[in-house]
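Participant: If you read the protein sequences in the order shown, they are chains A and B.
Mapping to the numbering used here: the first sequence position 83 is 83, numbers consecutive.
Count along the second sequence from 1, add 1000, and you get the number used in the numbering used here.
Please keep in mind that the hints were generated in silico from the structure rather than gathered at the bench.
Certain hints may be false.
Subject to a maximum C-alpha distance of 30 angstroms in a straight line, what follows is the list of computed DSBU-like cross-link-like pairs (lysine-lysine) [unchecked claim]: (1) Lys70/A to Lys1083/B; (2) Lys1042/B to Lys1083/B; (3) Lys56/A to Lys1042/B.
So these bits of chain A aren't anywhere near chain B, every CB distance computed over 10 angstroms [to be verified]: (4) His57; (5) Asp83; (6) Thr100.
Idealized CB from N, CA, C, for every residue including glycine.
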Amino acid sequence: SQQGEEDPQALSIQEGENATMNCSYKTSINNLQWYRQNSGRGLVHLILIRSNEREKHSGRLRVTLDTSKKSSSLLITASRAADTASYFCATAPPSGSRLTFGEGTQLTVNP
Amino acid sequence: EPEVTQTPSHQVTQMGQEVILRCVPISNHLYFYWYRQILGQKVEFLVSFYNNEISEKSEIFDDQFSVERPDGSNFTLKIRSTKLEDSAMYFCASSEQGEGENGYTFGSGTRLTVV
Chain A
1 SQQGEEDPQA LSIQEGENAT MNCSYKTSIN NLQWYRQNSG RGLVHLILIR SNEREKHSGR
61 LRVTLDTSKK SSSLLITASR AADTASYFCA TAPPSGSRLT FGEGTQLTVN P
Chain B
1001 EPEVTQTPSH QVTQMGQEVI LRCVPISNHL YFYWYRQILG QKVEFLVSFY NNEISEKSEI
1061 FDDQFSVERP DGSNFTLKIR STKLEDSAMY FCASSEQGEG ENGYTFGSGT RLTVV
C-alpha cells in the first residue's frame, strides 16, 4: 500500500494567500513530519506532529492530524514568494526508524 | 545551526564502478540514515544505522550496498557495482533519537549519475 500521498500535486497561489496541502496515509504511525525541498536541494524539516496530537503551530505553519481519517494538512499562512518549493509529508511507524515519504506538493507562490 | 554535510555534491561514474558517498552527521546525533530520490519520484528509505550496525534496511538496499562509520565523524554509503538505475540523489540524514522525535536533519545530497 502507498503511504503518504499528498494532494494537490501542484498548487499555485498569489503572495499573501494561504496555502493548504493535504496528506493521507494508510498504516499506523508514531508521528508525521512535513519537509520542504527547494529544487535540486536537500530536505528541510518543518514540523513534526505526534500521533496523540491534533494540531500544532510553528510560525506561519499550522499542521493538523486526524488519525481516524489517517490524514494531515499543512497550512502556510500569508505565503511569500520564498515559500515556493516542494512540500512532503513523511510518516514514522510505531516502531523502527524508516520514514515513508509522499509524492509531494509543488507550491508556487507568485509575487 | 548544525548541518549534515555530504560530499561530493555531484558524482558521475561508469556502470559497474564502485562509488562511495560520504556524509558527516551532526556530532551529537546517534542515528544515521541514507535515502535516495530518483528524479521526479518519491524520497525512498535505504538504510538506518545505530550503534555501529544496520538497524533497518529496505528492499532496495541489496548486497550491492553497504554502509560504514569508519571513524567518529564520517558515515559512508558504498555501491559496489553501479547500475544505470542507481542514478539518483542520495541523501544522508541523522537524528538524536531513533524514531525521529525531533525530526531528521538531512544533508544537501549527492547527485549520482551512472553512465
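Participant: Now look at each hint and say whether the structure bears it out.
Facilitator: So, going through the hints one by one against the coordinates:
1. Lys70/A to Lys1083/B: violated (37 angstroms)
2. Lys1042/B to Lys1083/B: holds (19 angstroms)
3. Lys56/A to Lys1042/B: holds (25 angstroms)
4. His57: His57/A is indeed farther than 10 angstroms from all Cβ atoms of chain B, at 16 angstroms.
5. Asp83: Holds: least Cβ distance 19 angstroms, greater than 10 angstroms.
6. Thr100: violated (7 angstroms)
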